[in-house]
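**Q** When the letters of the sequence shown are read in order and numbered with the numbering used here, they come out as residues 1 to 128.
Keep in mind that the hints were calculated from the coordinates and are not lab data. Ideal Cβ positions, reconstructed from N, Cα and C, are used throughout, including at glycine. Take the hints with a grain of salt, since some may be wrong.
The calculated label-pair distances, taken between Cβ atoms and stated as ranges, are [stated by the list, open to error]:
| id | residue 1 | residue 2 | range |
| --- | --- | --- | --- |
| 1 | F78 | G47 | 29 to 37 Å |
| 2 | G47 | D80 | 29 to 37 Å |
| 3 | A35 | R112 | 13 to 21 Å |
| 4 | E115 | S74 | 18 to 26 Å |
| 5 | E115 | T87 | 13 to 21 Å |
Below, computed lysine to aspartate or glutamate pairings styled on EDC-like, alpha-carbon distance capped at 20 Å [to be verified]:
| id | residue 1 | residue 2 |
| --- | --- | --- |
| 6 | K125 | D49 |
| 7 | K60 | D88 |
| 8 | K92 | E41 |
| 9 | K59 | D107 |
| 10 | K125 | E27 |
| 11 | K125 | D107 |
| 12 | K126 | E27 |
| 13 | K97 | E73 |
| 14 | K72 | E127 |
| 15 | K59 | E27 |
| 16 | K97 | E27 |
| 17 | K97 | D116 |
| 18 | K97 | D80 |
| 19 | K123 | E41 |
| 20 | K97 | E41 |
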Amino acid sequence: MRKKIVFWSLIGVGVIYFLQACGPFQERELVGHWAGAIVLENGDTLGIDPSIIRFHFSKKGAYTFQSTLNYKESGAYFLDGHLLYTTDTLNKASSQKAVQILLLTPDSLHLRMLEDGKERLLKLKKEK
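Can you build the whole structure from these sequences, using the hints too?
**A** Below is the structure:
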């Protein structure tokens, strides 16, 4: 009886890991340095240099972000389905944020977010 319980417990754990690995996006695909290529707001190109926008995602769940006007963030991140959650610990007034991942390939990352009620699409390319 004890062998059956151990066997089925191991099968259950294996199924859980398998289902997590089959999720829409994998953290290992996100790890690395990313630079902005295009920023769209409500379908129109914003008048900024998108290459200023940069992310770095580490294997250990940490991220850094820099944007226009010398804005910076740093903290922890995790993936949940199509959502990327970040918690900035650099700016004390910050809270957890979520953006939708539309595309994640070895060299492209497309993020959809809302900024002041406007839809913003950020397309990034992998640097390293």
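**Q** Would you mind marking each hint as holding or not holding in the structure?
**A** Hints versus structure:
1. F78 <-> G47: 29 to 37 Å: Cβ of F78 to Cβ of G47: about 33 Å, so the range 29 to 37 Å holds.
2. G47 <-> D80: 29 to 37 Å: holds (33 Å)
3. A35 <-> R112: 13 to 21 Å: Check passed, 18 Å falls within 13 to 21 Å.
4. E115 <-> S74: 18 to 26 Å: holds (20 Å)
5. E115 <-> T87: 13 to 21 Å: Because 18 Å falls inside the window, the suggested range holds.
6. K125 <-> D49: holds (14 Å)
7. K60 <-> D88: holds (15 Å)
8. K92 <-> E41: violated (27 Å)
9. K59 <-> D107: Holds. K59 to D107 sits at ~17 Å (cutoff 20 Å).
10. K125 <-> E27: The hint holds at about 16 Å.
11. K125 <-> D107: Distance ~6 Å between K125 and D107 Cα, so the pair holds.
12. K126 <-> E27: OK: K126 and E27 at ~14 Å, within 20 Å.
13. K97 <-> E73: The hint holds at about 12 Å.
14. K72 <-> E127: It holds: about 19 Å lies between the C-alpha atoms, which stays within 20 Å.
15. K59 <-> E27: Within the cut-off at roughly 8 Å; holds.
16. K97 <-> E27: Holds, because 17 Å separates the two Cα atoms, which is no more than 20 Å.
17. K97 <-> D116: Distance of about 14 Å is within 20 Å: holds.
18. K97 <-> D80: Judged against 20 Å, a Cα distance of about 12 Å means the pair holds.
19. K123 <-> E41: Holds - the C-alpha atoms of E41 and K123 are around 12 Å apart, at most 20 Å.
20. K97 <-> E41: The hint holds at about 18 Å.
Checked against the numbered hints given earlier, the structure breaks only hint 8 and satisfies all the rest.
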